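Enquirer: The primary structure of each chain is shown beneath.
2 protein chains.
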Amino acid sequence: MDLNNELKRINSVIDMEFKNIFKDKDVYQKRIIETIDYSLFTGGKRLRPIMAIKSYELFKDDIEEILPYAVAIEMIHTYSLIHDDLPSMDDDDFRRGKPTSHKVFGEAMAILAGDGLLNLAFETMADHIDKKAKTIEDYKKYTKAFKEISGYSGIYGMIGGQVVDLLATHNTMSEEKLLFMYKTKTAALIQSALVTGAIIGEASDIEVEAMREFGLNLGLAYQIRDDILDINQDKIIKKLTYLSFHDLDRAKIAVEEYSNKAMNSLKGLNNRNTDFFVALTEELISRDK
Amino acid sequence: MDLNNELKRINSVIDMEFKNIFKDKDVYQKRIIETIDYSLFTGGKRLRPIMAIKSYELFKDDIEEILPYAVAIEMIHTYSLIHDDLPSMDDDDFRRGKPTSHKVFGEAMAILAGDGLLNLAFETMADHIDKKAKTIEDYKKYTKAFKEISGYSGIYGMIGGQVVDLLATHNTMSEEKLLFMYKTKTAALIQSALVTGAIIGEASDIEVEAMREFGLNLGLAYQIRDDILDINQDKIIKKLTYLSFHDLDRAKIAVEEYSNKAMNSLKGLNNRNTDFFVALTEELISRDK
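Chain order of the listed sequences is U and V.
Anchor point for the first sequence: position 246 equals 246 in full-length UniProt numbering, and the numbering is continuous, going up by one each time.
Anchor point for the second sequence: position 52 equals 52 in full-length UniProt numbering, and the numbering is continuous, going up by one each time.
None of these hints come from the bench; they were simulated from the model.
Fair warning: this is a prediction, and the values are worked out from it, not measured in the lab.
Nothing false has been slipped in among the hints.
You can't tell identical chains apart in this list, so a pair holds if it fits in one copy or across any two.
Listed next, the in silico DSBU-like pairs over lysine-lysine satisfying Cα-Cα at most 35 Å (straight line): (1) Lys-239 - Lys-30; (2) Lys-131 - Lys-30; (3) Lys-147 - Lys-289; (4) Lys-132 - Lys-144; (5) Lys-147 - Lys-25.
Put together the whole structure using the sequences plus the hints.
Expert: Here is the structure:
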């Protein structure tokens with residue numbers, strides 16, 4: 001399968017969905033719409049919504065149904081980056097080669113744009129459920145997706161990981177705590193996307209759990225691969241990573257182990273064509289940047 | 001009716017509900033739970049959740065059903081205050097006589113606590129729907145409430161008002177824009193609470209719209225009363241308020257007019273005992289602080 005073509009195809013669908021979001025741009029508060037737009041269209045890989053859509057496609061065809069949840073997850077990811085980059089957080093001036101939101105629009109507007117995006121993610125889901133649910137089965141699965149997404153992005157999920165990251169010091173960090181941070185800060189939203197795709201695709205409980213397990217291991221492999229790439233950029237000195245606890249060889253083995261576990265989880269999906277996820281996993285763990 | 005006793009009674013129910021929220025406090029990220037706790041229990045009047053509960057009680061008795069939505073709305077209100085107080089926003093060191101969140105826990109943690117609270121509001125609703133909805137009618141009304149709440153708190157609601165407030169200058173502010181700001185920044189969450197109470201209480205569409213109209217006018221009366229109180233504290237010079245466009249006499253008349261409109265909206269609720277809302281309106285528009 002041609003991974004890059006597939007990524008491009010799905011990305012253009014996501015672009016279209018994002019462009020349809022704002023009801024009316026000619027409003028008093030249009031500045032926040034410009035601020036949100038800037039971050040949504042700043043060249044992100046859109047891995048999470050792509051994973052949600054491709055997970056859905058393992059089970060069902062009509063991707064209209066998964067799109068609102070896919071873009072909601074990308075909104076949550078995007079808001080977390082805007083807030084992460086703020087001066088009192090990571091204080092980053094650039095992301096993906098472009099000035100960060102607060103450098104362009106000011107700190108206050110960046111905070112509100114992040115808040116607005118998180119809220120918009122839930123508005124998008126609420127709108128979809130209210131408009132599209134017909135049967136009680138529809139309501140059940142949409143509500144389950146809403147619950148999974150809200151859980152993975154909250155204080156027991158992504159935000160929890162950011163708190164641990166924020167408070168991390170060389171004295172208080174343990175390997176166990178680091179793995180908790182990787183599971184929440186990195187794997188959680190990936191799991192959120194994969195599980196949501198499966199739920200909306202009406203996968204069986206066993207298949208949903210297979211995607212959850214796949215996401216966890218892919219997330220960990222992805223993050224440790226990131227740590228390995230960071231070492232080449234001399235970032236390791238100030239950052240606490242997997243390489244604060246292990247040498248490079250062990251880190252490479254860990255990436256292998258987690259990606260093998262991820263691939264194994266895919267075997268829980270009998271008779272589904274998982275070529276895309278196999279190719280994506282191989283791409284993500286061998287990437288050079 | 002004894003308004004103060006009733007406010008106290010409902011407030012203690014809300015306190016109990018808040019105390020049950022956190023599943024597990026012995027976690028790596030417990031600092032954010034402490035940060036959130038600090039702001040939830042800092043002596044706010046809890047007007048919005050009280051309004052949600054009392055609106056529900058106009059139509060139904062079992063307040064267990066409205067509580068998750070009532071506390072969700074208070075979480076949204078609380079997160080907006082935490083973010084509003086940040087140095088890049090209003091830069092307030094004190095709220096309700098206590099140091100603001102960022103003064104106690106630092107700016108980064110205050111940002112995350114706000115994000116966490118907004119997210120938690122939606123987690124709380126998702127949990128409730130997933131666990132308690134039995135019939136399709138349950139799903140329909142819970143989803144409608146979720147949609148109303150997410151809309152009123154978003155960029156076309158509360159956040160939209162904050163954007164206008166943030167960008168306000170004496171040159172660009174008009175009375176029309178100011179009223180838009182009051183409707184979104186102040187009235188929206190009040191309407192959100194009242195409408196949600198009515199929807200979950202299975203009010204008729206006409207009754208839901210009566211509560212929406214009541215909330216809009218109460219919100220405007222409340223905000224202009226606030227402006228009048230501000231003038232006595234000499235805050236008026238730097239702030240754009242109703243009194244930037246009108247003299248004190250006109251402002252007092254406006255409070256009267258909006259509160260009369262509010263009272264009139266209550267008449268759309270045939271045979272309901274609206275004593276509480278009449279007493280609350282009278283209290284709010286005549287308050288001295």
